[in-house]
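Participant: In the order they appear, the protein sequences are chains A and B.
By the working numbering, the letter at position 435 of the first sequence is numbered 435, and the numbering carries on one by one without gaps.
By the working numbering, the letter at position 18 of the second sequence is numbered 1018, and the numbering carries on one by one without gaps.
Everything labelled a hint here was simulated from the structure, so no lab data went into it.
Mixed in with the good hints, there may be bad ones.
Straight-line Cα separation of at most 25 Å, BS3-like style, residue types lysine-lysine; simulated pairs [unchecked claim]:
id: 1; chain 1: B; residue 1: Lys1180; chain 2: B; residue 2: Lys1099
id: 2; chain 1: B; residue 1: Lys1110; chain 2: A; residue 2: Lys384
id: 3; chain 1: B; residue 1: Lys1110; chain 2: A; residue 2: Lys579
id: 4; chain 1: A; residue 1: Lys359; chain 2: B; residue 2: Lys1201
id: 5; chain 1: A; residue 1: Lys260; chain 2: B; residue 2: Lys1058
id: 6; chain 1: B; residue 1: Lys1099; chain 2: A; residue 2: Lys566
id: 7; chain 1: B; residue 1: Lys1201; chain 2: A; residue 2: Lys261
These stretches of chain A come out as covered by chain B in the derived footprint (C-beta under 8 Å, 3 or more residues) [as the list claims (entries may be wrong)]:
id: 8; segment: 235 to 244
id: 9; segment: 492 to 502
The beta carbon of each residue, even a glycine, is placed where N, CA and C say it ideally should be.
In case you want the letters, here they are:
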Amino acid sequence: MRVLESGNKKVILLGNEAVVRGALEAGVEFATTFPGTPASEIGNTFYKIAKDVGIYFEYSVNEKVAIETAAGAAFSGLKSIVAFKHFGLNVASDTFMPIVYLQASPMVIAVADDPSCWSSAQSEQDSRWYAEIAKIPMIEPSDPQETKDFTKLAFEMSEKYKTPVFLRLTTRVSHTKMPVELDEIKSKSKKGRFQRDWERFNNLPPHILELKRMVLEKLEKIREEVSEKLGYLNRIEEGSDNIGIITSGVSYHYVKEACKKFGVNPSILKISMANPEPKKMIAEFIKDKDVVLVVEELDDYLERKVKLVVKEFNIQKEIHGKDSITGVGELRVEHVINALQKIYNISRFDFSLRKEKYKNIEVPKRFPTFCPGCPHRSTYYAFKVAMEELGLRREDVVIGGDIGCYMLAINPPYQLADFIIDMGAGLGVSHGIAKSVENQKVVAFIGDGTFYHAGMPQLLNARFNNSNLITVVLDNSYTAMTGQQPNPGSDVNAMGEKVGGVKIEEIAKAFGYKNVAVINPYNLKEAIEVFRKALASNEQWVIVSRAECRLAMVRRLMSKDLKIPKFYVANQVEECKEKLMKIGCPAIQMDENGNVYIDQDLCWGCGLCFQVCPQAVRAKVEK
Amino acid sequence: MNEKNVIINGVGGQGILTLLDLLANAAMLQGYEVKTAEVHGLSQRYGALETHLRFGEKINSSLVMEGDADSIISLEPLEALRVVKYASKKTVYLINTFKIAPISLTIEMKKYPELSFIEERLKRFTSNIIWVDASNKVKEITGNTIATNIYMAGFAIGYGLLEISPGNFENAIRERFAGKDAIIGQNLNVFRRGVEDGKSKRG
């Protein structure tokens, strides 16, 4: 494994792998996560190597639990790291704030934002603002090499200043690969010891205010000793004209690239620690410039800080930022070139002209869909049939969706999710709707990973406050969308301990639900029957639709050289053609003569097509 | 060498991220600075997948600029069209002929466009379009289409698009699949066929 290569080597690493390597070089002993893209590979990499290195790693139930667990390790004297995506920080925020006061260290909190929302519904969140609220020092690397170096540095800082450190990543840092120079790994197995210390942990009023004072003083100390230290985290590259560019994170590379392409040489202030920001360095940088442009992705976080420095130091300068560079979506070199053209008042590139040329070329959409054989497709198929058989109109059934593979049900051909908000909210909001409407059925779909993560309080609430919500839990035994990570439904945890999976139907029963059913989605008839019963009643239901993630199953079979079952179209039955195509399985296709066929490389043998059209489809029997 | 700006794309599940990693490693072994970017969300679920590969003496951004691709390696014909904004006169397109119909077409029982329809549109941007019968070739060699990605790399290198030596790519294969000798053997075999075919296409 590249991430475990010995020092003095150069290997290609993904930004997220570089976080792990940096932590290992710093001597990390304890790592936690809840998977979420673009941060998923941090946990996945720890998962692969933790046992070999001798350190502890867990997939926690959610991000709040993950940060608490990592803080517990830090309080016990172990070097800990927790990683999640930006929305994870929302979930973890309740703990994120107080552990800064309580000096959880050495501890690094790695958070990956997702400009352009490549893997994120919800919102295009800029997590840098959290650094302000929590008063935590924040470090932003621009590429995998810096990610490795800065992660290591973050641990050193955390230890020295007795504060957790916020390592802020973005998709383009997390999901970029480049050769990274390695140093030696220091991590090894270690047990800690918790020291009682009420002076430190006393966050009751009025002492809490003393803690706050201490945190603020610490930030000022870090500002002087780290942030203002020229050439350390924050650095200046002198240019040859009077234009100044202030930038951070991956935007730095877009600035460099744009200047090269555009043929200009402004001075660049690269800020890798924007909290606490280097006020004096910024003032000094701006002083002799004619115009200053702040280049950053998402919000005007840095720009506001620069504008405050301008006020505080009473400098009269023209500061540009979000008036020239979009605050929506991921930045690209093109955006920076456009801003430079404005500032230098020279026009060399016309991207809008290009856009005119390609924008009218229509390409059929290729939206993501369930894998061939996915149990979710069967569950939604059964649900749709049950609705139709009962004569329920689509508008009379409210369907709450949630975060996970099954959110793909929002796409055609199923379109069986009316809203997707955030993890667990499908259940919570659906309960609210159920309490508000009459003559509408309310159904909430949630996956097993999301159910454990943030669905249990909602399920309990719906039971206690008595709504006639139908909850369908799609249980495929993994947190599948982010890469089949184990969750409390799995038999074995991340450290390989056989712990026994928790059954969701047992939780529902313990909560007091009377109508609890478990269905096998691959048994279409039975699944339809249960959905019919639930939809026809006016009662609370919990239906667990259980079948293993097909992708995981197929991978397991392939690794053992076992055959995957296959189906094929034996008869071109006219009335079946549309029915088969409308299943929306990637393996079911139509040839140039209008004949339906099943691609044998893609078929993963769930048999849904066979149950839909037994007169057309046959199982392939291997000789 | 001037920097190389390469787009590699196709459909999630076609081994594009593996191909990207192998080429990045090979470029590093060749002595270049290299960066890759994976522009994707839920690509494993049969979505469109776009990746960027840049290498040369000094590389900052991992993303290729619009119109700035030296080559575009598309593992699926429709997907070639989806990334046309990166193409300009200088761009060489290498496109696998193997069609994967998107769900948006199949559920509406609509036909997949003809390759000539795709080519006509690509030609508005560049005249250098090379169709490669990669998946079918690979199926002949190995019995399935899994190693299409490796064949495409071989073809691109054999054709001289990337200025990476076959030996360095072979070493990247050996590193990536270390311990799995059968897979290494098969991939080297497919890769070499790709190199040969790329060379003979070049003439």
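Participant: I'd like to know which numbered hints this structure contradicts. Please list them from smallest to largest.
Facilitator: 1, 4, 7, 8 and 9
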